[in-house]
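Chains as they are written, first to last, in our numbering: chain G, 76 to 489; chain Z, 76 to 489.
Everything labelled a hint here was simulated from the structure, so no lab data went into it. Fair warning: there could be bad hints in the mix.
Which copy is meant is left open, because identical chains are indistinguishable; a pair holds if it fits in one copy or across any two.
Computed cross-link-like contacts, EDC-like style, restricted to lysine to aspartate or glutamate with a CA-CA straight-line distance of at most 20 angstroms [claimed, not checked]:
id : residue 1 : residue 2
1  : Lys193    : Glu334
2  : Lys424    : Glu139
3  : Lys424    : Glu477
4  : Lys204    : Glu411
5  : Lys204    : Glu416
6  : Lys204    : Asp331
7  : Lys472    : Asp254
8  : Lys315    : Asp487
9  : Lys337    : Glu416
10 : Lys204    : Glu334
11 : Lys152    : Asp221
12 : Lys193    : Asp331
13 : Lys440    : Asp221
14 : Lys424    : Glu210
Predicted model only: the values in this text are computed from it and were never measured.
There are 2 protein chains.
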Amino acid sequence: MHSSLPVYVNSLRVGLKLKGMRECKVSRTAMDNPLMLMIPGPTPVPEQVLLASAQPPISHRSLEFQTLMAQVTADLKWLHQTQNDVLILASSGTGAMEAGILNFLSPGDRVLVGCNGKFGERWANLCDKFGLITERITAPWGCPLDPQAFRRHLEADQAKQIKAMIVTHSETSTGVLNDLAAIAQAVTVHAQALVIVDAVTSLGVCPVPVDTWGLDVVVSASQKGYRMPPGLGFVAVSPKAWQAYTTAQFPRFYFDLGEYQKAAATHTTPFTPPINLFFALQASLGMMRSQGLAALFSHQQRLMQATRAAMRALDLPLFVPTDTLASPAVTAIAPEHVDPEQLRSQLQKQYGVVIAPGQDHLRGKLLRIGHLGHICERDILTTVAALEATLSDLGHKIQPGEGIQAVRCCFDQI
Amino acid sequence: MHSSLPVYVNSLRVGLKLKGMRECKVSRTAMDNPLMLMIPGPTPVPEQVLLASAQPPISHRSLEFQTLMAQVTADLKWLHQTQNDVLILASSGTGAMEAGILNFLSPGDRVLVGCNGKFGERWANLCDKFGLITERITAPWGCPLDPQAFRRHLEADQAKQIKAMIVTHSETSTGVLNDLAAIAQAVTVHAQALVIVDAVTSLGVCPVPVDTWGLDVVVSASQKGYRMPPGLGFVAVSPKAWQAYTTAQFPRFYFDLGEYQKAAATHTTPFTPPINLFFALQASLGMMRSQGLAALFSHQQRLMQATRAAMRALDLPLFVPTDTLASPAVTAIAPEHVDPEQLRSQLQKQYGVVIAPGQDHLRGKLLRIGHLGHICERDILTTVAALEATLSDLGHKIQPGEGIQAVRCCFDQI
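The following block holds chain G by itself, in its conformation from the complex:
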């Protein structure tokens, strides 16, 4: 496996030297000591999922593929807690978002978009680009969207011109978990607007009961809660959304979900699927099913609570102070007495732990610790230990062990 890597591994070393940073003390290549990804995607992936993806491709027009397709489709419905169609695209999450718009709306339609972070803004930009009339329901980055603001807008729309309400469930850029249940409930006053949801960092991480909450279009991507590599997008589609599909006017071909639905009826895909990623999907969903939804979600809660307890103990302010508003996918901190970029850089160089910076105007102000995907308790302990060590390395006075102790107590209690 090393043979394919020398160029980038060498360049990594050269690059570090060029930037004048101290070289990593531990000799590291991607294989013998990969960096530890504590970012909100791509996430670590179980070895058996990676190995499943390395099987020789099979024909996508075969009984084997049909059987595989039938199984992953059933498992996806289980994960979404839905009877709706769940369709699989060869695309990133953004491709799935685009499919979620193109198939159910027409140019000039009015849409309400919740914007309290980068991914809410991405929805709004996408809608703007496609010539929709986009109205933003905003909240400051780091604060949750107000379900009542949606309700007021929808109640005021007596002419029923608003065709969809678009919400990001877990806002990856800030670590806010929007109250999707309450926001979806707000739509019931309107009856017509579709509920279109970005569940990219909530599916597999916390409950997204699609049918119970009445979500019409739910978009996700493989490199997050699915515990697999990037490259697949998913769109769950309700009967109400299929109704809207029949009159939607955007031109579409590759992302025409009707074609995917038609093909799925015979357990296939309209275009060549990324077969090896389907192998990975089969393996990862199989692991998830064997754990069960309740265990998956309580595991994520433990990781989040422990991370938050450690940040408090280390005096690293939580960007989302209230636990009930926090995403179990990612914890954002806004360090006050530490340069975030120096902390992040040193953590990676010295200890091989990668955390994410803030995005857009919060770059240089925020740090984001991802704890979704194939992450266990030990990984949280490791990350907090490395953070403690890095803070000490950078000359910050901390009481060694306080973060670790907070993690331990948390795991003890919940």
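Knowing the structure of chain G, use the given hints to seat chain Z on it.
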């Protein structure tokens, strides 16, 4: 690795039984004896490419990824023999085709589409769906497109209303290799129309010198000549096409190639890339570069010539009789005294060799043997031996060894 497979492997066996077919004599699972893919994609993939793809994901916002991205981009330009941008999409080839239209044309534009097979028709359908005024230059399936027909159409367009000429280089559905050089040359009488090309089964298989031939937009996909799994699409874009981009009016977001170009300038991607497929791409392009273009193409010529010689020896009529019109990616035969579907089915069940059926109206009439991707001389020998054996099994009188002998002679001579 077996753990992820029991369901589909079991179902494969059950499925075969249910259909009343004789069970395969050789106990087979996807791992211990995978079916041999002699179809025009997905192709067999070298083990080191599969293993490269099974490495733990890295962050796509990292120096490691930038270095990887810079390397694969340079290697893609080498493969395309171009100085133009070559952009990488998370999509199938059809997604790349759509990007090749959306970014350079506007609703109502006139386009000339070459149609002599299923993939030419797919271009035309795509153009129709997007509201272009599509004029088809047709030839019967199995016959090549006439460059002069393009020239006549373009000469007649004094008002320069035709914005693009769209051609499938290697028509996978029939095994015809269209004369792309001559067709592209025909555009020079027009000066304005873009040359948009589907090189999905010609890149890496036969010369596609993008700059020499003046190709403006060239689309391909990873599961063909690239010798890797499906999931990546590629689009090469000329300066003339970028000029058209500035006035193109289709709404676009996920497939907005301008964003990919902007990101590529700093060796990154606008959306999360399928990182593990990038590892595979790096490995496969590395192998291809170490072989060299001339060796790659002459290897493919040998495989094609040997396959064609064997079909002649076995009295299985070639659908494209003239060697110079035949694609080095796939050889189609139109058996006269054998039921194609019975032959194909028996070949797979008894000997584990998968070949492809005809498509659309040629299903049940044609068989297609793919010989692109990670295929060697031995694989052609194996396929021909299995074909001979299957013909005998089905009671057809053939002289055993004639096909094999033809292959051997061919390899001896070229």
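Exercise for review: Find the hints from earlier in the document that the structure breaks and name them by number, from lowest to highest.
Suggested key: 3, 4, 5, 7, 8, 9, 11, 13 and 14
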